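A.B. asks: The lines below spell out each chain.
Protein chains: 2
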Amino acid sequence: MGKVYTGASTSIDGYVSGPDFSGFDKLFAWYEAGDVAFTVPTGAMTVHLTPASAAYFGGLIQTTGALVVGRRLYDFTNGWGGQHPMGVHTVVLTHRPLENNEHFTFINGSIEEAVAVAQKHAGDKGVGLNSGEIARQAIDARLVDEIFLDLVPVILGGGTPFFAPGKGYELEGPLSVIESASVTHLRYKVKYEAAQAE
Amino acid sequence: MGKVYTGASTSIDGYVSGPDFSGFDKLFAWYEAGDVAFTVPTGAMTVHLTPASAAYFGGLIQTTGALVVGRRLYDFTNGWGGQHPMGVHTVVLTHRPLENNEHFTFINGSIEEAVAVAQKHAGDKGVGLNSGEIARQAIDARLVDEIFLDLVPVILGGGTPFFAPGKGYELEGPLSVIESASVTHLRYKVKYEAAQAE
Chain U
19 MGKVYTGAST SIDGYVSGPD FSGFDKLFAW YEAGDVAFTV PTGAMTVHLT PASAAYFGGL
79 IQTTGALVVG RRLYDFTNGW GGQHPMGVHT VVLTHRPLEN NEHFTFINGS IEEAVAVAQK
139 HAGDKGVGLN SGEIARQAID ARLVDEIFLD LVPVILGGGT PFFAPGKGYE LEGPLSVIES
199 ASVTHLRYKV KYEAAQAE
Chain V
19 MGKVYTGAST SIDGYVSGPD FSGFDKLFAW YEAGDVAFTV PTGAMTVHLT PASAAYFGGL
79 IQTTGALVVG RRLYDFTNGW GGQHPMGVHT VVLTHRPLEN NEHFTFINGS IEEAVAVAQK
139 HAGDKGVGLN SGEIARQAID ARLVDEIFLD LVPVILGGGT PFFAPGKGYE LEGPLSVIES
199 ASVTHLRYKV KYEAAQAE
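Here the protein sequences line up with chains U and V, keeping their order.
For the first sequence, this note's numbering gives the first residue as 19, with consecutive numbering after it.
For the second sequence, this note's numbering gives the first residue as 19, with consecutive numbering after it.
Only chain U is shown next, with the shape it has when bound in the complex (with noise of 0.2 Å):
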């Protein structure tokens, strides 16, 4: 089985979206901080990278067999048109639960059962888990092995944090460090022994 992570883009005071929604122009810039053309596996879109981001992305989308999202995150981008750009299975996490398709399983339940769904379909591959609420629940269920922090050079002032406040925990690492344009790519492991312990 492959391994569970999260990962956003992420302001350094720690926010993956500014107030009201705002600061994506921002976040994302790195995704035309080069000169790489990178179409997404649906071909939805394509993105103009750094060869240095364009060679994490790709290994990202290569190691990923199925995301988990929370409903908010589903409806903002209003479901993808129809599928996620990373041509993934994906799992949506809600109390409104809308009908399965073939490209999203609905799932009114635990962040357990959610990543146990998209298990399933990543097959050998990794399940990614994105947006903030989510990845603070399946961290706490001790669920997340990596996080994943494409660190943006902006300042948001406020907004939604990657992680909530709540629980501490240390972490490994960097296990890798990235320099890109616009952003750098940091990969964690997290370590529960130690916040277990504490």
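Because the hints were derived from the structure by calculation, they are not lab data.
Hints are supplied without guarantee of correctness; some may be wrong.
Since the list gives no way to pick one copy over another, a pair counts as held whenever it fits inside one copy or between any two copies.
[Stated by the list, open to error] Simulated crosslink set (DMTMM-like; lysine to aspartate or glutamate; CA at most 25 Å straight-line):
{"id": "1", "residue 1": "207", "residue 2": "50"}
{"id": "2", "residue 1": "209", "residue 2": "38"}
{"id": "3", "residue 1": "209", "residue 2": "53"}
{"id": "4", "residue 1": "209", "residue 2": "43"}
{"id": "5", "residue 1": "138", "residue 2": "164"}
{"id": "6", "residue 1": "138", "residue 2": "197"}
{"id": "7", "residue 1": "207", "residue 2": "164"}
{"id": "8", "residue 1": "185", "residue 2": "142"}
{"id": "9", "residue 1": "207", "residue 2": "197"}
{"id": "10", "residue 1": "185", "residue 2": "151"}
{"id": "11", "residue 1": "185", "residue 2": "43"}
{"id": "12", "residue 1": "209", "residue 2": "50"}
{"id": "13", "residue 1": "207", "residue 2": "43"}
{"id": "14", "residue 1": "21", "residue 2": "117"}
{"id": "15", "residue 1": "185", "residue 2": "120"}
{"id": "16", "residue 1": "21", "residue 2": "53"}
{"id": "17", "residue 1": "209", "residue 2": "117"}
{"id": "18", "residue 1": "207", "residue 2": "131"}
Quantities reported herein were computed from a predicted structural model and do not represent experimental measurements.
Got chain U sorted already, so can you dock chain V onto it with the hints?
C.D. replies: Relative to chain U, chain V alone:
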């Protein structure tokens, strides 16, 4: 005149102190993460850094001519026992000034005044601003040239943010990324022009 900068050991969720002033053992684990014995200018303490962190920290100390800190940090450290370990003159911004002495000047006034006094003491060297409240005030007053982020692999889950909620700012960089153990040293430049244009 030297640069004005602010820097802090910061968790990946953006805190420079955990809940109830906890977490300093984790935020400053990099002070004891290596084999290079590093004694601060006053001789008050010796830490053990990696070669990368020692070069970074040594460079920072060499280019710092004076500091501006908040009263909370001054009180929390008990006035560093009489002198800041960096061995430079320290301006304390406070509504309850104490008597000035050869190592400390207490300013009951604006952040602009505090930085101006520190710059006189610093001569050609830079002025460092410590603690979150001071950093936010100084950035809002357009006084901060650079931000040093010592990014620590820990989620603190709450506490004192490096950047208190407020206005947003675009940054340039990272100008440098130094990988070490238990910390990643990142340096950014503040872009005030872009922020003003919004």
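A.B. asks: If a hint holds in the structure, say so; if it doesn't, say that too.
C.D. replies: Taking the hints in turn, this is what the structure says about them:
no.	hint	verdict
1	207 to 50	between (28 Å within a copy, 21 Å between copies)
2	209 to 38	between (33 Å within a copy, 22 Å between copies)
3	209 to 53	between (37 Å within a copy, 24 Å between copies)
4	209 to 43	between (33 Å within a copy, 16 Å between copies)
5	138 to 164	within (19 Å within a copy, 47 Å between copies)
6	138 to 197	neither (34 Å within a copy, 37 Å between copies)
7	207 to 164	within (4 Å within a copy, 29 Å between copies)
8	185 to 142	neither (30 Å within a copy, 44 Å between copies)
9	207 to 197	both (19 Å within a copy, 16 Å between copies)
10	185 to 151	both (13 Å within a copy, 24 Å between copies)
11	185 to 43	between (30 Å within a copy, 16 Å between copies)
12	209 to 50	between (34 Å within a copy, 19 Å between copies)
13	207 to 43	between (28 Å within a copy, 19 Å between copies)
14	21 to 117	neither (28 Å within a copy, 58 Å between copies)
15	185 to 120	neither (36 Å within a copy, 43 Å between copies)
16	21 to 53	neither (31 Å within a copy, 34 Å between copies)
17	209 to 117	neither (37 Å within a copy, 47 Å between copies)
18	207 to 131	within (22 Å within a copy, 44 Å between copies)
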